[in-house]
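Novice: Whole structure, please, built from the sequences with the hints as guidance.
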Amino acid sequence: MALRLRMTAFNAQRCRLRHLGRKLDMCTAEATASLLQAEETFSACLARIDALILKPLLQAEPHDQKGKDNFKLLLLLNDRFQALWNFTEENYRILKQKCSTSESFCIQDFYTVWKGDLFLSLYIQYFVTFANYVVVHGFEHATKSRSEAWKHHKTVLKQFLTDFTSETSMSLALYTVLHKPIRDHVEQYILLLTKLNEALKEGPEKDLVTSAIKEYVKLESFISQVLDEACFTKALWKSLGYKFTDMLCVPERRLLEDSRNLPISASTNRSDRILLFDDVLVLIQGNSFQSFDLKLVWVDKNCREKSAPGVYGLHIITPEETFFLSAKDPQMKAVWQWKLNQAIRQALNGKRDFPLWGKTGEGTEPPSCRFFTYVFRLEGKFKNATYEGKWHWGKPHGKGTLKWRDGRNHVGDFKEGLEHGFGICLVPRRSEDRYDCYKCHWYEGKMRGYGICEYGNEMVYKGYFKDDLRQGFGILENPSADHPFKYTGQWENDKKNGYGVWDDKDRGERYIGMWHDDHKHGQGIVVTQSGVCYQRTFHAGRMVGSGILLLEDDSVYEGNFMEDLTFVGKGKLSFANGFILEGTFTNKLGQGLQTQGILNTSNEQLDDRITKAQLGLEEFPVEKRWKGIYDQFLEFIHSGCKEEMEESFTGFHIQTSKELRKSQEYLFCQRGTEDVSWKMEDILEELVQHQELKSLLPYLDKALKSSLHPLGKLLKALMIAFQATYSGIGANRHLLTMAQEEVKYYAKKIWEFYQGLLHLALEQKGQLPTKSADGETNDQKACSIVLPLILPCFYPELFMLYMLYHEREDDLYCQGIVDLSLFPDIKLLEFLDVQKHLWPLKDLTLTTNQRRSLIKDKCFLSATECLQKLITTVDPREKLVILQKTYEEIESTVSRVVEKDYKLPMDDLLPLLMYVVSRAKIQHLGAEIHLIRDLMDPTNQGGLYDFLLTALESCYEHIQRMRLHQRENCHGTHNS
Amino acid sequence: MMAIRELKVCLLGDTGVGKSSIVCRFVQDHFDHNISPTIGASFMTKTVPCGNELHKFLIWDTAGQERFHSLAPMYYRGSAAAVIVYDITKQDSFHTLKKWVKELKEHGPENIVMAIAGNKCDLSDIREVPMKDAKEYAESIGAIVVETSAKNAVNIEELFQGISRQIPPLDPHENGNNGAIKLGKQTSQTGRRCC
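Taken in order, these protein sequences are the chains called A and B.
Numbering-wise (this note's numbering), the first sequence opens with residue 1 and increments by one.
Numbering-wise (this note's numbering), the second sequence opens with residue 977 and increments by one.
If you are wondering where the hints come from, they were derived from the structure by calculation, not from laboratory data.
Mixed in with the good hints there might be a few duds.
Here are the simulated SDA-like pairs of lysine to any residue, each with C-alpha atoms no more than 20 angstroms apart in a straight line [claimed, not checked]:
| # | chain 1 | residue 1 | chain 2 | residue 2 |
| --- | --- | --- | --- | --- |
| 1 | A | Lys885 | B | Thr1014 |
| 2 | A | Lys869 | A | Met800 |
| 3 | A | Lys885 | A | Asp875 |
| 4 | A | Lys900 | B | Thr1014 |
Everything numeric in this text was worked out from a predicted model, so none of it was measured.
Specialist: Structure representation (C-alpha cells):
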C-alpha cells in the first residue's frame, strides 16, 4: 500500500529556520556527536545484513510461480533496504565531514529533523514492503529453498540477535534480523531528538524538533501496527484452507478483524466466519465465501431489529445484498462498527491512515455518497450491467452511467437504484448496426415526462411518455422514409389516440381529426395540396358514411365519395354559381362520372354559407384540441413547480432548432449551465413582483419570448401545434374559424397558466392571492393582455387564412382601387361627393405647368401615409391606434382648410375616409379588417375603435360595390 | 356604486336634417364632453343617470347620403336604440325616415328602441310635416317622437331621457339581452356576414 506523508506544518517551520540560521550552543554539538556515533553503528549493521543475508538470499531465483512472486517482493524489499541505507550513510558522511572542518553547528545539520519527511517515507516504504513479504510467508519459503546454505549463516545471525537460540526457526530469525535493527534505530532517533529538545531553549527550533519527535513517535507506532497486522494476516492465511487463500491472499491485503477474534455473526446464520480486510468484507460459510468491496459497503448502526432483544446489530448494505451483523453486547457492536467504518473510509481514501488506526476522533464515518464502478450480478433489469457513478447507501443515486453487455447504456440521473430524472439511453437495434436514442425523463425506473427519442430508423419522437410508452402530446416524424409522415397530437399507450394532425407527405395530404389505436377514427378533416378539403367520419382508418367535400372552384359536394374524390351514391353537388345538382352518382371505369338527378337552377347567387363553410368547429371544440399540452403545464403547477421536474413537464429548453439536431451530448453536458436567473424559484419570485399591469406586460412579454421560462415553453409548444395544423397545406380558408378560435383559446390557457403560477408563488410566500378588483373576467384579461403578446407568433399562418378567406372580396376591392387610382385628386374628391369647402387645395403647391385638376396623390397625404402603416403591425390594438391617427390626420387637414376646429359629422367624414382608403391602396384590407375585428379586445365593442373599424369596413364594402356596379353598368351598355 | 351600461345608439336620417347637431347639442351641454374621446361629430359619448343605473350612450352617426344607405346595417347592428331624424321643413326627409323604420323593422336588431326626432322645430313657420302626422306614425310603430331644435336646445335632453326610459332595466338574475352592447355580443363575426 502506498503511503504518502505530508508534513506541511513541519516544512513550514523548517523554512522559517533556514533564514534564521542561528548557531547552536555546545549541547547541540554534543547531540550531533551522539547522532554520528549512532549512525556509524547503524550503517555498519546494515552493511552486515546486506552482505550476510540479503546478498545470499538474492543469489538464487526460485522456479515455481509462487516462489517467483515472493522473489519479486524480496527484490523490492532489497531496493527499499538499499535506499534507506544509502540515504542514511550519505547524510552521515556529509555531517561527519562538516564536523571535521568546522566548529559551529546549526539546526540544519541535524538532518533527521531537517530531512525528516524523507527519512519517514523511506522507513514507511521499507516496512510496508517488509510486511507484504511477511504476509505471503516469504521468509518461510526462502528458508525452505535455501535451507542448506542457511545453516552456515546461523552463527552470523547470532551476532545480530542476543536472544537468538537454536530452537528458533530460521524464518523467525530472518524476520527478526531484517526488521529489529531498523526499528530499534527509529527508537534511537527519538532518544537523540528528545535529548536535543531538552537542551534547546523555547523558540522556533524547539518547536521544530518537538514536531519532528512527534512524527518519529508516529512512525514507531506505525511500524508496530504494520507488523502486527502482517502477523495477524499471516496467521489467518495459515489457518484458512488453500481454497480460500488462493483466492483471497494478496500481499497487500490485511486482515483488520476476524469474528473468531471479536465475535459477531451474520443475521441469516449463513456464515460461520466474518473477516474484515482493509479492502473487502468477507463472509465465509462452509466451502464458499462472499466478498464485498468496502468501497460499496455502508454500515447502518441504527438497525431496527426489534425481534431479538439483547442482540446488537449492524445493518450492512451493499449494492445487491444487505444483511445484519449481530453482536452479543454493545461494546462488541461498537468496535465492529468503528473498525468497519474506519476500514471503509480508508478504502475510499485509497490509502491507510498514519499511523494505521490513528485518527480516532475525526472523520470516523465514511461518506454516504460515493463514486464507484460496479457490475451487477443478480437477476433483474441491471444484470451484467456495469454501473459507474454515484452511490448512496448501496444504491445508484445521482449521476451515473449504466452499461449493459449488449451495448445498451444509460447515462443520467439515478435515484435509489433506479433511473430517475433526466437520462440518455442508447438501445441497439436488433437487426442493424444502429441505436435508438432516448433523451428523456425517467421516474422510478421508467420513462415519464418529456423526452426526445431518435430511433435508429430515422424516426423521431418528441413528446411525453409515461411508463416507457408514448402518452400525452407528442410529435412523431419520419422525414426520410419511403413514406415520409409527421404526426402531431395525442398519444395513449404508445398509440395515436385522440385529436391529432397527420401529414402524409407522399400524398400531399393532411388529416386533422380524431384517432383511436393508431387509426383515423371519428370525425376528421382532410386538406390536400390542391386546396380541396373534406370532412367526414372515419372508422378504424376507413371513410364511412357521407361527408362534405369542398372543391377549389367553390363547388360543394355533400354525400359519399371515395378517397380519390370520386362521387359515389346519392349526393348533392352545389356549384359556385348557385346551381344545385341532386342525384345518384356512379363512376365506372372508363365511363367517367355519371349521374341521374335534378339540376336546380333557381338559385343564381353564390352562397357564402357554403363556399365559406367553416369546418371542425363542432367536431373539435377548441377545449379538446391539444389537451395533452395544457395538461402537462397545469400538472406542473399542481405538482408545486419543482425545479427538478420543470423540464419533465414543460419540455427541454432548446434555444434553436439547430441545437435540437445536435447529438445527445449537448443535452447532457450543457444542462444546468444556462442563465441562472431563470431558476424556478426566481421565476416565482418575479411573478409576485410584477403583478401590476404596468410591469406585468413587459414581464409577460419577456417570459413568453424566453425559451427557458415555462410560459415561453408553453407558447412554443402551442406554436408547433398551430403550425402543424395550419401552415403549408393547412392554409385553407375553411379552417379560418378553427384557427382563430384556437389562438384566442391559447391566450386564455396561457393566462390561466400564468394565474396558476402566480397563485402558487403567492401561496409559497404565505400571501393570499388578491382578487382582481376591476371586475374583468379571466377571458377578457386573456384577450386584452395575453392575446396581443402572443399574436405575432401565429400571425403569418393566421393572416394567410384571413387572406384566403377574403380573397374574392379583396380582389374585387383591389379592382375598385385600381379604377379609382386613375382619378386625379380633384376628380376623386368630386366623385366621392366631398364637400368643396373641405378640399385641401391651398395645401397644394403648384408649378407653373401644373393645373390643379392634374394633381394626384397629394391631398390628405399625411392621412394616407398613416393608414398605410396598418400592414406593418400585428397587434390589433396598434392597428386600431393607426386608424385613430388616420382620422386625426384627416381632421387636422380639414381644420387647416376651414381655418377653425371642425367637428366632422359622418356625412363629411365617410367620403373623406373613402378618399384616404382608396389612396392608401392596402392590398388585403378585407383580411386586415376582419382580423382586427375578430381579435381585438371585446370591450371595444360599440366604442370608438369599433366605430372607426366599422367606418373603415364600410369604405371597403363601398369600394367593392362601386366596382360591382360599374361592372354591371358595363355589361348593361354592352348588352344594349 | 351605480352600474354603468353602455348603450349603442345610431343616428339615421337624411343628410342635412341635423343629426349630428342634435348629438352635439346633447353632448356639449354636458360637463364631461372633453374627457370622452370623440371622432369629430361622428362618434360621441355621454353618460346620464337613469333610475339606479348610469346609461352611457355611445352615439354613432351615419352618413345620410342616399348612396351610402346600403352601408347603414354595419352601423346599426348591435344598437340598443336608433334615433331617426327628419327635418320638419322637408317632407322628403320624413319619407326617408319611414324607409329607415321599415329597414330597421326588417333587418335591425331585435327590440331596438326607435326614437323619432323632428328637428328644426324653431322653423315651424315653414313646416312641411305636421306634428300630427309624425305622432300618428310614431304611435303606429311604437316609437318615441319629439320635435326638437338643436339650435335652441329644445327637447334634446327629453329625447334621450325617453330612450333611457324605454331601455328595460337589467335583470340581475339574467343577462338580459335588450340590445345593450356588452350583452348583444357579436359572436364569431369572422366575416361570415353576407354582403
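Novice: Could you check the structure against the hints above and give me the numbers of any it violates, in ascending order?
Specialist: none
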